[in-house]
Structure formats: structure tokens, C-alpha cells
Amino acid sequence: MLQSVEGVYRDGKIALVEPASEGAKGKVIVTFLAVGELNLADRGIDESQAALLRAKLSTFTEDWQSPEMDSYNAVQSGRCGAGFVS
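In the numbering used here, the protein residues as written are 1 to 86.
Label-pair ranges, simulated between beta-carbon atoms:
| hint | residue 1 | residue 2 | range |
| --- | --- | --- | --- |
| 1 | S48 | E18 | 29 to 39 Å |
| 2 | L33 | W64 | 10 to 20 Å |
| 3 | E47 | G23 | 48 to 58 Å |
| 4 | K56 | A24 | 38 to 48 Å |
| 5 | F32 | S66 | 19 to 29 Å |
| 6 | L52 | I29 | 32 to 42 Å |
| 7 | S21 | A55 | 40 to 50 Å |
| 8 | K56 | E6 | 25 to 35 Å |
| 9 | K27 | A50 | 33 to 43 Å |
Bear in mind the hints are in silico, worked out from the structure with no lab data behind them.
Bear in mind that the values here come from a model prediction, so they are computed numbers and not experimental data.
Ideal Cβ placement from N, Cα and C applies to all residues, glycine included.
All chains should be built: construct the whole structure from the sequences, respecting the hints.
Right under this line is the structure:
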């Protein structure tokens, strides 16, 4: 049986943000998903507004990219059971 589990790869480790099924073990295949571009018009903003938002939020970048944030996001979204796999 195949099972897909969401995770994040950072610093040579995969952090699962949702639990694998109980007793899951064996070989895995990791697929890196492309980060797509956002359609700003779909979100009701233009390029200048997006640039302003990026500038205002840039002070949080280091915090958002820390490995600890992945665990926080999993708890906030109700996907507890996160673990690290080397």
C-alpha cells in the first residue's frame, strides 16, 4: 500500500508535518515539489502592494524559516505527530 505524507526538507532532514500510518516502515520516495508563483490579481493586490507586504514582513523571515516553525505549523493546523527523519 502506498501512502503520501506531507513534510518539509531543510538542512538535510525531512520533517513530517502529518503522521504516517501506525506501524509504517520501509523504503520511501521523496518528491520535491516546485514552489509556484502566486497570481497577485487572484488575491486582490498588485506588484507594488506585494512589494510593500514583503518589506513589512521581511523582519520575520528568520523566524519563519527556522526548523521550530515547522513543528508549530503542524500543531496549529491540527496535524500533530510530526517527527524528524534523517
